[in-house]
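Listed below, chain by chain, are the residues.
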Amino acid sequence: MHNFEFIRPPDLATTITAAAQSKTAQQGADVRFMAGGTTLIDLMKLNVETPARVIDINRLPLDKIEATSDGGLKIGATVRNSDLAHHPTVRRDYSALSQAILDGASAQIRNMATIAGNLLQRTRCVYFRDTAMPCNKREPGTGCPAITGSNRTLAILGTSEHCIATNPSDMCVAMAALEATIHVQGPKSSRAVPFGEFHLLPGNTPQRETVLEPGDLVMHVTLPPPVAGSRQVYLKLRDRASYEFALASAAVVITVSGGKVTRARVALGGVGTKPWRSPEAEAVLTGRPANDANFRKAAEAALRDAKPQSENGFKIELAKRCLTHALRTALTS
Amino acid sequence: MKALARREFLEKSLKTGGAFGIATSGFTGQRSEAGEAVMPATDGASEVAVTLRINGKDHQLRLDPRTTLLDCIRETVALTGTRKGCDHGQCGACTVHVNGRRVLSCLNLALMHDGNEITTIEGLGTPEALHPMQAAFFACDAYQCGYCTSGQIMSAVALMKEPCGPDDAAVKELMSGNICRCGAYANIVAAIQQVRQRA
Chain A
1 MHNFEFIRPP DLATTITAAA QSKTAQQGAD VRFMAGGTTL IDLMKLNVET
51 PARVIDINRL PLDKIEATSD GGLKIGATVR NSDLAHHPTV RRDYSALSQA
101 ILDGASAQIR NMATIAGNLL QRTRCVYFRD TAMPCNKREP GTGCPAITGS
151 NRTLAILGTS EHCIATNPSD MCVAMAALEA TIHVQGPKSS RAVPFGEFHL
201 LPGNTPQRET VLEPGDLVMH VTLPPPVAGS RQVYLKLRDR ASYEFALASA
251 AVVITVSGGK VTRARVALGG VGTKPWRSPE AEAVLTGRPA NDANFRKAAE
301 AALRDAKPQS ENGFKIELAK RCLTHALRTA LTS
Chain B
1 MKALARREFL EKSLKTGGAF GIATSGFTGQ RSEAGEAVMP ATDGASEVAV
51 TLRINGKDHQ LRLDPRTTLL DCIRETVALT GTRKGCDHGQ CGACTVHVNG
101 RRVLSCLNLA LMHDGNEITT IEGLGTPEAL HPMQAAFFAC DAYQCGYCTS
151 GQIMSAVALM KEPCGPDDAA VKELMSGNIC RCGAYANIVA AIQQVRQRA
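Chain order of the listed sequences is A and B.
For the record, in the first sequence the residue sitting at position 276 is 276 according to our numbering, with numbers rising by one throughout.
For the record, in the second sequence the residue sitting at position 8 is 8 according to our numbering, with numbers rising by one throughout.
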């Protein structure tokens, strides 16, 4: 691990000013916020991240879960994953989110990892994590050995010729389907980023993963009020029953009335370069009878643009069945 | 002459700074790719003062910022019951409690924990008065080589206070962050269930 200066500014303003001195807030940032540490310390040990300065944000007042005036929920950046998953309001009104978090990592890591850290969770692509290998995300322009190499767990949606790394988060998949908003405080102003606009596709700049700029601090995430009568499911498929990343997952939030789907929100995990909301699947579902045939059609639509690599073609059918089964489960739950 | 137990030898070596040449004032070196300690490359100028409360006792330390909570506990404070397995948050051998919750000490910096209450396996029970979970692991033969055991027990003790269904499957799910290469899982689950049923 490279040496770094460890600082703990007394307040938000000093924290943001200190971070604003970084050249980038993306891969290779020279200033990094540290909360749970579960991703960052791991990558610092691998020399994938080598910040000169680490800012401890654990003592900032960002650890509250509160009801919002419109009936939604405000989740502080440093709320621990386990606290959010077990929160009574989340269990009752946002059960897909609770399930997604509890399906991820281990109990110890859920106790440590924060909500903002989970938003910024890095890919598990083995080439990204190995500094002996080329990687366009870690070192732009060096190439993507995953495309011709070990890619069984990598993405089939949103890939580019420069990067096929999977976003590994479960929590983000549920937040995409629940239409969360991410609230960012920057050096000059604050802004609210709709969930679907927060993460970026790799394109020809895979080192840029989010819209965050130097000094931007994720303050909290808000969830809109729960949709009356909606049913939610998070379904995760993986190589072992626990403590494993998704090969495919699906978060669904659907409302059914008179046998027809009146509203549908669908997102997929384990298959995309970012948490993968599927407006295509939602369009197929909405206004049509809630039955297996239409669920399958929705899944076909969600995976229509999937691009398999040499080892991960199985994910296309796996993701289709995952989404179909999640919808079926939501209907009967 | 009484032979030194391996643990006693390690503790004496660490406390005197002998055997491996590791200074007691804080490990300031790096780790090689194989994971062994290498001698400090810095002059100590970047060390930071911190007070860590471990098992009810305050330790005033000067640490290189890179020192993980795990390395601090084992090498600086010389509490060697907490184990280093993978050092990347994948095995659970380094599990300790911070403010009563189980965490992985390898994925935390020691400097993050001033003012926190840290508990290691040494703070749980004594050979004369075992914690009920330690006694259950003994009674159920819930280990083979023993390397993962302190992490398993720290995890299991914390599990007692977490939402967990009554059946074995729920215990297995919540213990999945603790790997046992010997495969003592069945007896580990039995030990935990024994303590839960008596609680």
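Treat each hint with caution, since some may be false.
[What the hints assert, rightly or not] Rough simulated footprint, nothing fancy, chain B against chain A, three-plus residues with beta-carbon under 8 Å:
#	stretch
1	1-11
2	33-39
3	53-64
4	98-110
[Said to hold, decoys possible] Partial list, derived from the structure: chain B residues whose beta carbon lies under 7 Å from chain A:
#	residue
5	Arg62
6	Arg66
7	Leu104
8	Leu111
9	Met112
10	Asn116
11	Leu124
12	Ala170
13	Val189
14	Ala199
In case anyone wonders, no lab produced these hints; they're calculated from the structure.
Glycine included, C-beta positions come from ideal geometry on N, C-alpha and C.
Structure-based check of all given hints:
1. 1-11: Contact hint for the stretch 1-11 of chain A vs chain B: holds, 5 residues under 8 Å.
2. 33-39: holds (count 4)
3. 53-64: holds (count 3)
4. 98-110: Since three or more residues must qualify, the claim that chain B covers the stretch 98-110 of chain A holds, with 5 doing so at under 8 Å.
5. Arg62: violated, 13 Å
6. Arg66: holds, 5 Å
7. Leu104: holds, 5 Å
8. Leu111: holds, 5 Å
9. Met112: Holds. Min distance 6 Å.
10. Asn116: violated, 10 Å
11. Leu124: violated, 16 Å
12. Ala170: At about 11 Å, which exceeds the 7 Å cut-off, the nearest Cβ of chain A leaves the hint on alanine 170(B) violated.
13. Val189: violated, 13 Å
14. Ala199: Cβ of alanine 199(B) sits 18 Å from chain A, so the hint is violated.
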